[in-house]
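J.: Sequence:
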Amino acid sequence: MNWLTNKVLPKIRKLATAKDTPDNLWVKCPECGQMLFHNDLAANLNVCSHCDHHMRVGPEQRFKALFDDAKYDTIELPEVQIDPLKFRDSKKYLDRLKDARSKTGDRDALIVAHGKLAGNSAVIGVQNFSFMGGSLGMAVGEAIIAGAKLAILQKAPLILFTAAGGARMQEGILSLMQMPRTTVAIQRLKEARLPFIVVLTDPTTGGVTASYAMLGDIQISEPGALICFAGPRVIEETIREKLPEGFQRAEFLLDKGMLDMVVHRQDMKETLARIVDLTSNKLKDKQEVVDTPEITEAVESIPANDTDEAPATSEKD
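Read in order, the letters of the sequence shown are residues -11 to 305 in the numbering used here.
It is possible that some hints are incorrect.
Listed next, the in silico SDA-like pairs over lysine to any residue satisfying Cα-Cα at most 25 Å (straight line) [stated by the list, open to error]: (1) K143 to R169; (2) K59 to L266; (3) K230 to A134; (4) K16 to P211; (5) K178 to A134; (6) K91 to A31; (7) K59 to L29.
Pairwise CB distance ranges (calculated) [to be verified]: (8) K230 to K80: 45 to 51 Å; (9) D28 to E239: 38 to 44 Å; (10) I227 to E64: 43 to 49 Å; (11) D56 to K143: 32 to 38 Å.
No wet-lab data here; the hints were simulated from the structure. Predicted, not measured: the structure shown is a model, and the values here were computed from it. Here a beta-carbon is modelled for each residue, glycine too, at the ideal position from N, C-alpha and C.
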């Protein structure tokens, strides 16, 4: 008995409590609370198989799900001055950037890639909400302008997946300046008669909603996405009234005419491919794509982020 209790039982207990599996094998759905096996969730494009809730996904997952054979090339984006305002709240802006880059592996909140979508060339930009809430700053502004320029050069549509809490407060007026800059870039794209397709994902709010997110030739959203300028909590506290159920959600906005369609994530590639195919054929048949040198020069002439008055700051500071 002593042999069993002293030798065997401790080994059995050790085996029973050993942590041989990682912590992230199971994911809890934030909507219904159901536990989902991570492989099953990934295979279902991060959509809950029980309640159909669309969880947030990053740029890499988007690109692999959309581009043919998951083959694509990300473009090198222009460098921007880091922390020109030397901003600090409860934490230094530089430290927030370093943490976000370490967490996501990305330089900033928007990645642009190009490749084939159902055989047609396409430029796709994806905002990453995991990077400081996907906030619009100088780097994101430059990324959108670079994406528009590439689309014009390739005579390809620009597809933009938005997910943001608004403008990046740590960059102050410089972040707000990206609203008109990106608007001008999109206008140049439209002057080239190239499609600009916006897919609004959860959440798309603030200055992003007030600028490029609502400028699409075709406005699409994923089911249940929060799309607004000020959030429902802020509005309720201001007017001291309860808002209607589903207010500011994708289905509500579709009913009010602000969206063209709400598309399930599993149908997104097919839907976008059909739109791109139709618009590409129309442009080829009617030869509507205009010569682009002047428009490309116009995109390049968009005023730069003028931070000359602010002292330069490196990441090492």
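J.: So, for every hint listed, does it hold in this structure?
T.: Hints and how they fare:
1. Of the supplied pair hints, the one linking K143 and R169 holds, its CA atoms being roughly 21 Å apart against a limit of 25 Å.
2. Note on K59 and L266: the hinted pairing holds, with a Cα-Cα distance of about 22 Å set against a maximum of 25 Å.
3. In summary, the hint linking K230 to A134 is not supported, as the alpha carbons are separated by about 42 Å, beyond the 25 Å threshold.
4. Under the criterion of a C-alpha separation no larger than 25 Å, the hint pairing K16 with P211 is consistent with the structure, at around 19 Å.
5. Of the pairs offered as hints, the one joining K178 and A134 holds, with about 15 Å between alpha carbons and a cut-off of 25 Å not exceeded.
6. Distance check on the hinted pair: K91 and A31 sit about 23 Å apart at the alpha-carbon level, within 25 Å; holds.
7. Of the supplied pair hints, the one linking K59 and L29 holds, its CA atoms being roughly 22 Å apart against a limit of 25 Å.
8. Separation of K230 from K80 is about 39 Å and departs from the stated range, judged on CB atoms against 45 to 51 Å.
9. Between D28 and E239 the beta carbons are some 26 Å apart, a value that contradicts the proposed interval 38 to 44 Å.
10. Here the CB-CB span from I227 to E64 is close to 46 Å, well matched to the stated 43 to 49 Å.
11. Distance hint check: the CB atoms of D56 and K143 are about 18 Å apart, inconsistent with the given range 32 to 38 Å.
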